[in-house]
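J.: If you count the sequence shown from 1, position 108 lands on 340 in my numbering, and the numbers rise without skipping.
Hints are computed from structural coordinates only; laboratory data are not their basis. As the structure is a prediction and not an experimental result, all values here were calculated from the model. Just so it is clear, CB atoms sit at the ideal spot from N, CA and C, and this is done for glycine as well. Heads up, none of these hints are tricks.
Derived CB-CB ranges, DEER-like:
| no. | residue 1 | residue 2 | range |
| --- | --- | --- | --- |
| 1 | P412 | R241 | 39 to 49 Å |
| 2 | V240 | R282 | 34 to 44 Å |
| 3 | N260 | L407 | 19 to 29 Å |
| 4 | R241 | R283 | 33 to 43 Å |
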Amino acid sequence: KQWYQRRVRGPVWPSAFSSTLLIASPGNPTHYDRYFYDSNLNAERADGTRRINGVTYYREFIKNATDKVEYEVLTNVQTDETTCFVRASPTPIQVPNFANFTFVGKALVGVQTTYLWIDQARNSSSFFQYFDDVTTRFPVRIDGFDANRQETQLTFRETDVGAQDPNLFILPPALKALCPPPSQLKVHHN
233 KQWYQRRVRG
243 PVWPSAFSST
253 LLIASPGNPT
263 HYDRYFYDSN
273 LNAERADGTR
283 RINGVTYYRE
293 FIKNATDKVE
303 YEVLTNVQTD
313 ETTCFVRASP
323 TPIQVPNFAN
333 FTFVGKALVG
343 VQTTYLWIDQ
353 ARNSSSFFQY
363 FDDVTTRFPV
373 RIDGFDANRQ
383 ETQLTFRETD
393 VGAQDPNLFI
403 LPPALKALCP
413 PPSQLKVHHN
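Please model the complete structure; the sequences and the hints are all you need to start from.
T.: Written as structure tokens, this is what we have:
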């Protein structure tokens, strides 16, 4: 191993944090989401805007992996009409697994000095880059490249690491009234 590989501890995904994400992928409009994650609550949430069929919506997405349910609330920003979708979600929350990442060196993301890690999946066309802050070790950017899916870049801004308010992962009563009850959903296990 090179000297720098022995000295730099591998990346660690925060167990609870929120961050403003800049999400970019070819063919889709670049947009911001506010993302919330808490492993102790087994929940994640993303709030932001989306254009669907030429209409702009404010989107709230909440996944509760303990209850195996996802809520997606879309509010038309012009008419203020709101629709709720509920889906069974038997899969756990996806977080990066850094076991196969290799330290490459330091890199600049904007003006932020980061460590750069790469993962080239064997027998696959997948390739991932992960950048974490050299001081805080918080995530700064993830780049994903896959011949079977679109290229995606997530840039983390205004990251606050720490336990999240459990109320962030609960729909307010007025919104929950729009959604079909999760008890009516069928969870299919693969």
